[in-house]
Amino acid sequence: MSRLSVRLPGLDLKNPIIPASGCFGFGKEYDQFYPIEKLGAIMIKAATEKKRLGNKTPRVAETYSGMLNAIGLQNPGVDTIIKNELPFLKDKQLPVIANVAGSTIEEYEAVAKALNGSGIQAIELNISCPNVKEGGVQFGTDPDVAYAVTKRVKAAADVPVYVKLSPNVTDITVIAQAVERAGADGITMINTLTGMQIDLNSRRPLLANGVGGLSGPAIKPVAIRMVYQVYQAVKIPIIGMGGITTIEDVIEFLLAGASAVAVGTANFQNPMICSELIDQLPFALEKYGFTSAEEVIGKGHLNE
Amino acid sequence: MSRLSVRLPGLDLKNPIIPASGCFGFGKEYDQFYPIEKLGAIMIKAATEKKRLGNKTPRVAETYSGMLNAIGLQNPGVDTIIKNELPFLKDKQLPVIANVAGSTIEEYEAVAKALNGSGIQAIELNISCPNVKEGGVQFGTDPDVAYAVTKRVKAAADVPVYVKLSPNVTDITVIAQAVERAGADGITMINTLTGMQIDLNSRRPLLANGVGGLSGPAIKPVAIRMVYQVYQAVKIPIIGMGGITTIEDVIEFLLAGASAVAVGTANFQNPMICSELIDQLPFALEKYGFTSAEEVIGKGHLNE
Amino acid sequence: MKQVKGLLRATDLIARDTIQYQIELSPALLTEIKPGQFVHVRIDQTAAHMLRRPISICDIDFEKNLLTLIFKVVGKGTAKLKEKQIETMIDLLIPCGNGYPLDELDAEHVLLIGGGIGVPPLYYLAKKLTEQGIKVTAVLGFQSKADVFYEDAFKALGDCFITTNDGSYGDTGFVTDVIEQRQLTGDYYFSCGPTLMLKAVKTKMQAVPGYISLEERMGCGIGACYACVIDKADDSGNVKICHDGPVFRANEVIL
Amino acid sequence: MKQVKGLLRATDLIARDTIQYQIELSPALLTEIKPGQFVHVRIDQTAAHMLRRPISICDIDFEKNLLTLIFKVVGKGTAKLKEKQIETMIDLLIPCGNGYPLDELDAEHVLLIGGGIGVPPLYYLAKKLTEQGIKVTAVLGFQSKADVFYEDAFKALGDCFITTNDGSYGDTGFVTDVIEQRQLTGDYYFSCGPTLMLKAVKTKMQAVPGYISLEERMGCGIGACYACVIDKADDSGNVKICHDGPVFRANEVIL
Ligand SMILES: Cc1cc2nc3c(=O)[nH]c(=O)nc-3n(C[C@H](O)[C@H](O)[C@H](O)COP(=O)(O)OP(=O)(O)OC[C@H]3O[C@@H](n4cnc5c(N)ncnc54)[C@H](O)[C@@H]3O)c2cc1C
Ligand SMILES: Cc1cc2nc3c(=O)[nH]c(=O)nc-3n(C[C@H](O)[C@H](O)[C@H](O)COP(=O)(O)OP(=O)(O)OC[C@H]3O[C@@H](n4cnc5c(N)ncnc54)[C@H](O)[C@@H]3O)c2cc1C
Ligand SMILES: Cc1cc2nc3c(=O)[nH]c(=O)nc-3n(C[C@H](O)[C@H](O)[C@H](O)COP(=O)(O)O)c2cc1C
Ligand SMILES: Cc1cc2nc3c(=O)[nH]c(=O)nc-3n(C[C@H](O)[C@H](O)[C@H](O)COP(=O)(O)O)c2cc1C
Ligand code: FES
Ligand code: FES
Chain X
1 MSRLSVRLPG
11 LDLKNPIIPA
21 SGCFGFGKEY
31 DQFYPIEKLG
41 AIMIKAATEK
51 KRLGNKTPRV
61 AETYSGMLNA
71 IGLQNPGVDT
81 IIKNELPFLK
91 DKQLPVIANV
101 AGSTIEEYEA
111 VAKALNGSGI
121 QAIELNISCP
131 NVKEGGVQFG
141 TDPDVAYAVT
151 KRVKAAADVP
161 VYVKLSPNVT
171 DITVIAQAVE
181 RAGADGITMI
191 NTLTGMQIDL
201 NSRRPLLANG
211 VGGLSGPAIK
221 PVAIRMVYQV
231 YQAVKIPIIG
241 MGGITTIEDV
251 IEFLLAGASA
261 VAVGTANFQN
271 PMICSELIDQ
281 LPFALEKYGF
291 TSAEEVIGKG
301 HLNE
Chain G
1001 MSRLSVRLPG
1011 LDLKNPIIPA
1021 SGCFGFGKEY
1031 DQFYPIEKLG
1041 AIMIKAATEK
1051 KRLGNKTPRV
1061 AETYSGMLNA
1071 IGLQNPGVDT
1081 IIKNELPFLK
1091 DKQLPVIANV
1101 AGSTIEEYEA
1111 VAKALNGSGI
1121 QAIELNISCP
1131 NVKEGGVQFG
1141 TDPDVAYAVT
1151 KRVKAAADVP
1161 VYVKLSPNVT
1171 DITVIAQAVE
1181 RAGADGITMI
1191 NTLTGMQIDL
1201 NSRRPLLANG
1211 VGGLSGPAIK
1221 PVAIRMVYQV
1231 YQAVKIPIIG
1241 MGGITTIEDV
1251 IEFLLAGASA
1261 VAVGTANFQN
1271 PMICSELIDQ
1281 LPFALEKYGF
1291 TSAEEVIGKG
1301 HLNE
Chain B
2001 MKQVKGLLRA
2011 TDLIARDTIQ
2021 YQIELSPALL
2031 TEIKPGQFVH
2041 VRIDQTAAHM
2051 LRRPISICDI
2061 DFEKNLLTLI
2071 FKVVGKGTAK
2081 LKEKQIETMI
2091 DLLIPCGNGY
2101 PLDELDAEHV
2111 LLIGGGIGVP
2121 PLYYLAKKLT
2131 EQGIKVTAVL
2141 GFQSKADVFY
2151 EDAFKALGDC
2161 FITTNDGSYG
2171 DTGFVTDVIE
2181 QRQLTGDYYF
2191 SCGPTLMLKA
2201 VKTKMQAVPG
2211 YISLEERMGC
2221 GIGACYACVI
2231 DKADDSGNVK
2241 ICHDGPVFRA
2251 NEVIL
Chain C
3001 MKQVKGLLRA
3011 TDLIARDTIQ
3021 YQIELSPALL
3031 TEIKPGQFVH
3041 VRIDQTAAHM
3051 LRRPISICDI
3061 DFEKNLLTLI
3071 FKVVGKGTAK
3081 LKEKQIETMI
3091 DLLIPCGNGY
3101 PLDELDAEHV
3111 LLIGGGIGVP
3121 PLYYLAKKLT
3131 EQGIKVTAVL
3141 GFQSKADVFY
3151 EDAFKALGDC
3161 FITTNDGSYG
3171 DTGFVTDVIE
3181 QRQLTGDYYF
3191 SCGPTLMLKA
3201 VKTKMQAVPG
3211 YISLEERMGC
3221 GIGACYACVI
3231 DKADDSGNVK
3241 ICHDGPVFRA
3251 NEVIL
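Protein chains in written order, with the numbering used here: chain X, 1 to 304; chain G, 1001 to 1304; chain B, 2001 to 2255; chain C, 3001 to 3255.
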């Protein structure tokens, strides 16, 4: 194993840097800026059973050190994604983590089944999208519902299942433990915090959807806190995200207990960010006294 | 009534700008910069029954567009506050909102009782402090407990009781409705989001307390969303806060449904901020087509 | 599409709250650019602003290798751009979007209809059209006299009618009023401006094939995030303004 | 205490990552300032940095009305301060804290013990002491030769011994080693530097009355937020470094 590589269920990653779902499409656009096969893996945009057109516009707004989005899970549907998008990523030999969304447990199950045999490496079960009227976040805020959907998808899927947690809960460890009990192979966290911006001229919420998901550096302290707590509460590995823009942020997430990290919003500001972080990682490891990425994981905890 | 004045239970405010609890001490320090009698009111630092020394240092850290704090409710105790701090504010004829904290329902009750006859205008019941090992936030995350402590303090107090809500909950409207049922006269929101920063050199949480409360512009979208939701869920008035730094932020909170606002972290960056906002408010009202502050309240909602 | 840093060679206030940037870029990059395309500008190197700002290509000077952008200060991001000093580096994604379909065009005379900050992209278009021997007539609407810019530049290329909402300069009223009163037309029209204006133009110019350039709040600016969609007229779904646009056939999308 | 904006007249790199600011302020304000006090500096006018940074008063030039600050670039805030160009305005809370008790001092010779960025406040103190006719001896510790600054300035006022951890300049080792080897002492000592150094100094200098200047992460900087406390030695609670300090009697607080 190389200094940068990390190993998680289903994912032998050459480095721990992954673009976050919804912020990197299906990779093609960013392949204009650097060869995306350089990435540890890719988390592709959420897939639903059928094509979805998403919410009305405006769908994004800028906030202090962050942004709000209410895309509403627009995607061409899982079958089209398998047909049109996965071959490109397969050619690149880039590990694919497919983000699975739905409005009902049945839809989640159907999407997971459709992905069987498609050549992806893992499923990221999105029970935390705040931007759709039904489904999404409600699955991620009730431990029993989170347990049920995880169990069903786990039974349906032929690859490891990572469950993506919502930060909009009173105690995230309860949800994490529920999905662990349901058989989740790992956890990805955090999805966006629910927020709102009101336009002073129109006197109405700026996003057509009203609320949206807050992401970016603004939420990093919340993400670090939650990864830290969940790391102590479960045994399955965590892929951490929320506001990463620098290599120090990456190290901070690993210290908190993440085994790999995802980078979302920062891609919009700097399309080269993931590539740059991969280049910087060896130097940062050295600077902070580590010999490998694996070694950093969880080292921010008092007993390690 | 003047253009800037707003009226809430127990609080006839000449303007809707209030420094937030814990960010303005008991007023004396800021009175060096401008005459604090200019303020709509003052929310003083949390009072507990006995003197508290708070957490170990470091107690604060900077984050992107925000900060973390884990002061841990340090204060000289309610009796000393009444004796040493309130006379100065009484001389200034500045309405006082006393922030009441505790580790047990009995302590909350005792502090509220101690404040009877002290000349304050309202109590802000702090059931949302994330920085103490017991008490604080746990009262603010369970609707039944929130109901119980509100009911007891309401019975004990001789002034209107505003309950300060924690944003670290799955559904803040449930807590808001519980405290309304318990007789709360108003709501103040939001307290800080729980967060963490890990120091890369020491490999430990930077704050001695581990977690701390995230405040500042970073959290504003979450605060606006919650004020907007609570405005639709309860009938009692809201004092809104979370990340205010500009006069546009003030208007945004009023549009979301706040009847007045509190300014916390921004005082550290700019000690003149509350004074400046008061000066700017008439111009901002005019710019956005309002004739009075009262008129703005809740105007961001679709049905108004 | 590339991410590049260009040297800010000049920044000038050319009308009320309206800044003109001239940015030096490599000639190879500049020759790739088509009128109607835009750049996605990073505000600064900190995490304060996580979103770039889309600004249209207004002109290219191939002798000095300068790209011209014109933007209006309307919010926090453009206010920061206004403060930039010459000789600083400006971080751009360039070129974004599709641009106007100049090659397929079979026209002798086209009408350019711009409103406010929708005017800049029409300028480089006008230049390219006249280079191809196509006659251009421009109708440019502004709020008020203080907002008017590039009148002489357009006049050097063809007819140009300015109108202001308050009548403080040129004609009075909307661009559609000018088109009506002056009975203007062309083989094609190209329009860029606020959505309300585009709607009015589309209705008014029904008989003429036209292209419109659209605005929407953007995330990535390169087609990856689905922030900037607009519904297609044929009910088959939506398209991305940053990637499939910003230029569309007027009847292709629902405004 | 006031909030003021001063004009940055000079910014110089005087040692590795070490910047010297000279800020023009009103004479009335400058005369109020006592050695040991500090300023609380705003990083910029945006919301990116919500906390100010505490920096000690290093010197005052009453002829040119200049305040000197010296800071080391250690994180995001000081990195931004480093980028500031001359002629920009620097937003300060000034003066913060209590300063050294010069009036009550009954001394003929004092020892100044500084480490790294703890050296700057000792300079203005040394100037004031020598003005009062008190002899000063300075022991200044730095990491390495590249970090040393103000040696000549201190030498102009009295004896000055430099030591570096790695021995690349002056003596080798910690300030306490120098004190030991050179058998230095005084009627009082004044010390400022990292907590570990202060602890060693306090132990070493037990026999001599001393004052130490402390650092802690700050919020308000004016005594309102309870961020910056330190426990009192007499078990009676804690005191605020920003307001009750940053200078304390060495035996007053628990390091
Ligand atoms: C393809 C395209 C080309 C454009 N060309 C020009 C041009 O040449 N000159 C010019 O002055 N303006 C142009 N605009 C509009 C320009 O992008 C906005 O005025 C600018 O983004 C406002 O940024 P701000 O930070 O000042 O405003 P803020 O309101 O503070 O911005 C907040 C967020 O909203 C977005 N936003 C706000 N208004 C608009 C808008 N009208 N369109 C898209 N996003 C918006 C911003 O990009 C940012 O993400 C163009 C827009 C698009 C989509
Ligand atoms: C009374 C006092 C006087 C000081 N005088 C000087 C001086 O003259 N020269 C000098 O170079 N430094 C001095 N310091 C230390 C200086 O304040 C810090 O180095 C500086 O705040 C670091 O800021 P940063 O943004 O670069 O670091 P970051 O680590 O990015 O800062 C993050 C936060 O931590 C705080 N912080 C980090 N390190 C320290 C520290 N050592 N002490 C207090 N807060 C810290 C910052 O203020 C900020 O709030 C003084 C500190 C105090 C308390
Ligand atoms: C525009 C946008 C679209 C997103 N779409 C998805 C999505 O489809 N599925 C998902 O699980 N998360 C989605 N997210 C959440 C991100 O994957 C990530 O969890 C979150 O943004 C926090 O990371 P960041 O701060 O680095 O952006 C989206 C985020 C943004 C900003
Ligand atoms: C240093 C600090 C101390 C605080 N202390 C208290 C407190 O004692 N009681 C309380 O109810 N809230 C306390 N708060 C929370 C603020 O009153 C406010 O709710 C929160 O900071 C959000 O507002 P802001 O973003 O404007 O700071 C404190 C906040 C800070 C930053
Ligand atoms: S802005 Fe991301 S798809 Fe257009
Ligand atoms: S920094 Fe606020 S009390 Fe010292």
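Mixed in with the good hints, there may be bad ones.
Unchecked claim - Over 12 Å on every C-beta distance to chain C, these chain G residues come out as not near it, computed from the model: (1) 1014; (2) 1110; (3) 1116; (4) 1158.
As the list claims (entries may be wrong) - Rough simulated footprint, nothing fancy, chain G against chain X, three-plus residues with beta-carbon under 8 Å: (5) 29-35; (6) 99-111; (7) 144-153; (8) 158-170; (9) 188-195.
No wet-lab data here; the hints were simulated from the structure. All figures in this text were calculated on a predicted structure; none of them were measured in a lab. Virtual Cβ for every residue (Gly too), placed ideally from N, Cα, C.
Here is how each hint holds up against the structure:
Separation of residue 1014 (chain G) from chain C is adequate, the least Cβ-Cβ distance of about 23 Å exceeding the 12 Å criterion. For residue 1110 (chain G), the non-interface assignment is confirmed: its Cβ lies about 21 Å from the closest Cβ of chain C, beyond the 12 Å cut-off. The claim that residue 1116 (chain G) is not at the interface with chain C holds, since no C-beta of that chain comes within 12 Å of its own (minimum 26 Å). Even its closest Cβ contact with chain C, about 28 Å, leaves residue 1158 (chain G) beyond 12 Å, as expected for a residue assigned away from the interface.
Restraint check on the stretch 29-35 of chain X versus chain G: 0 residues with Cβ-Cβ distances below 8 Å, three needed, restraint violated. For the stretch 99-111 of chain X, the stated coverage by chain G is violated: 0 residues have a C-beta nearer than 8 Å to a C-beta of that chain, whereas at least 3 were required. Check result for the stretch 144-153 of chain X against chain G: violated, 0 residues qualifying (beta carbon to beta carbon below 8 Å, three or more required). A count of 3 residues in the stretch 158-170 of chain X with a Cβ less than 8 Å from any Cβ of chain G is obtained; the coverage claim is therefore met, three being the minimum.
Under a criterion of three residues with beta carbons nearer than 8 Å to beta carbons of chain G, the stated coverage of the stretch 188-195 of chain X is upheld, 3 such residues being counted.
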